[in-house]
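These protein sequences, in sequence, are chains A and B.
Sequential numbering from 1 applies to the first sequence in our numbering.
Sequential numbering from 184 applies to the second sequence in our numbering.
Rather than coming from a laboratory, the hints here were simulated on the basis of the structure.
Hints should not be assumed to be uniformly reliable.
[Claimed, not checked] Some chain A residues judged to face chain B by a derived CB distance under 7 Å, without partners named:
1) 5
2) 16
3) 18
4) 21
5) 45
6) 63
7) 67
8) 124
9) 128
10) 132
11) 133
[As the list claims (entries may be wrong)] Sample of chain B residues with no beta-carbon within 12 Å of chain A, all distances over it, derived:
12) 187
13) 206
14) 229
15) 234
16) 235
17) 286
18) 290
19) 319
20) 335
21) 344
22) 365
23) 371
24) 411
25) 421
26) 424
27) 443
No residue lacks a Cβ here, since even glycine has one placed at the ideal position from N, Cα and C.
One-letter residues, chain by chain:
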Amino acid sequence: MNRNPLTVSVNGAEHVLSVPGDRRLLDLLRDELGLMGVREGCGVGACGTCTVLLDGVPVNACLTLAVTTRGRSVTTIEGLARDGELHPVQQAFLEERGFQCGFCTPGMILTAVGLLRENPSPTVEEVTDYLGGNLCRCAGYPDMIRAVLRGAERCREAGGRPSATPEGPEAARLRAMGKGEEG
Amino acid sequence: MGFDLLEPRTVAEAVELHARDGNAVFLAGGTALLILQRQGLPLPRRLISLRGIPGLDEITAGPGGGLRIGALATLRQVERHPLVVRRVPLLAEALRQVANVRVRHTATLGGNLAHGDYRLDPPAPLLVLGAQVRAVGIGGEREIALAAFFRGLFETALQPGEVVTELAIPPTPPSGGTYLKYALSSNDWPCVGAAALVALDDHGRCREVRLALTAVAAAPVLVRGLDELARGEPVSDRLAARLADIAAAQVEPVGDQRGSEWYKREMARVFARRALLAAARRAEAGPVGDGTKEPVA
């Protein structure tokens with residue numbers, strides 16, 4: 001395999017790498033960068049356990065070629081806490097016991113952070129709809145939905161963005177569109 | 184064995200790269216390609232990424248109330264775009280039902296069409312909206328009516344080396360539209376998908392009826408011959424049932440894990456009828472399209 005140069009920001013740190021062209025972002029994050037919070041469930045984009053934020057927008061790491069993240073910013077669950085303090089959505093998942101076995105939890109939390117970046121005050125229906133593609137075999141969904149709503153509240157109280165991730169053009173565009181809809 | 188990701192900056196350059204290596208494959212969002220890889224098909228050795236071409240994901244107003252959607256716009260960008268929501272809510276409604284939000288953040292509208300899969304949702308609403316595909320190849324640019332675009336199982340009218348650059352959606356008549364998806368789970372591919380657009384005259388009689396079905400033949404089906412029966416007729420359960428029978432006669436389902444050939448045909452009948460009635464109700468309640476006053480943005 002030809003190796004392709006790749007410079008990408010992962011959890012705020014810039015990595016200069018050389019990757020085989022057919023390597024998935026999922027494998028790069030786990031096998032080369034040791035970020036085990038990114039998990040493979042189905043491998044075909046249907047379960048959500050490999051969710052990462054790409055320029056602030058949730059995507060499936062299993063359906064993303066690593067080389068296509070050149071110059072972009074990736075956030076995994078390991079990159080959410082700041083200075084030893086959990087992200088408000090992580091904290092809310094703890095308080096609402098929004099997990100059992102924990103396998104799906106990183107994907108759930110990152111998807112929730114993606115939702116709150118677009119929509120800081122989601123309704124229960126909007127949370128359910130957005131998280132609809134994240135599967136949990138323990139089926140603790142009601143606790144998770146409460147956790148997302150509590151996380152949203154905390155983010156609003158903190159008055160900040162739901163994530164410290166640099167704002168990518170994609171996220172900015174989606175946010176602008178959301179505003180446009182209300183107008 | 185090498186593998187390269189080529190990143191042209193213009194469409195002309197992308198087409199040129201393909202002319203030099205006919206085995207190269209254009210890469211848009213990449214979701215379909217990676218699922219195929221997962222299913223055991225090796226990736227092509229050379230991918231020509233269209234992502235870095237500026238302007239290919241723009242969504243702009245077309246003349247007289249239509250729309251132009253760049254091929255590289257993600258499904259999510261399209262479903263949330265104010266112009267789409269306002270002018271062709273039917274398309275936004277359908278895209279919101281595709282897979283899950285992460286896939287929609289990655290997959291593109293142009294890639295979805297070029298993939299030519301028989302069970303995708305977006306082709307159905309785009310067929311009833313009369314969309315035109317703009318494609319560029321080494322020989323130049325051409326427009327292909329979407330109704331003539333899907334040729335068979337994973338087969339489209341695109342020539343080797345031709346790339347979809349844009350979708351043009353013409354202005355729609357004042358009408359009601361809907362997309363109904365029948366699936367085993369909400370994130371799944373459809374067993375049957377039905378898009379309907381109904382325009383009524385001042386007396387509530389059918390002026391125009393359009394219907395397209397997906398996942399019930401080797402390629403999406405734009406149902407023919409509905410207007411002959413419907414034009415001038417008041418909307419009724421009986422009319423919808425007769426139109427649905429016409430639709431069911433035009434599908435040729437391929438049985439898959441979401442339904443046998445017989446089941447899909449019967450569900451095509453059921454969802455065609457429901458979609459037509461729902462679209463007609465929307466047309467009665469407040470049509471969208473030309474001649475209706477658009478809210479001030």
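Evaluated hints:
no. : hint : in the structure
1   : 5    : violated, 10 Å
2   : 16   : violated, 17 Å
3   : 18   : violated, 13 Å
4   : 21   : holds, 3 Å
5   : 45   : holds, 5 Å
6   : 63   : holds, 5 Å
7   : 67   : holds, 5 Å
8   : 124  : violated, 16 Å
9   : 128  : violated, 10 Å
10  : 132  : holds, 6 Å
11  : 133  : holds, 2 Å
12  : 187  : violated, 6 Å
13  : 206  : holds, 14 Å
14  : 229  : violated, 9 Å
15  : 234  : violated, 7 Å
16  : 235  : violated, 9 Å
17  : 286  : violated, 5 Å
18  : 290  : violated, 9 Å
19  : 319  : holds, 22 Å
20  : 335  : holds, 24 Å
21  : 344  : holds, 21 Å
22  : 365  : holds, 17 Å
23  : 371  : violated, 8 Å
24  : 411  : holds, 39 Å
25  : 421  : holds, 35 Å
26  : 424  : holds, 32 Å
27  : 443  : holds, 23 Å
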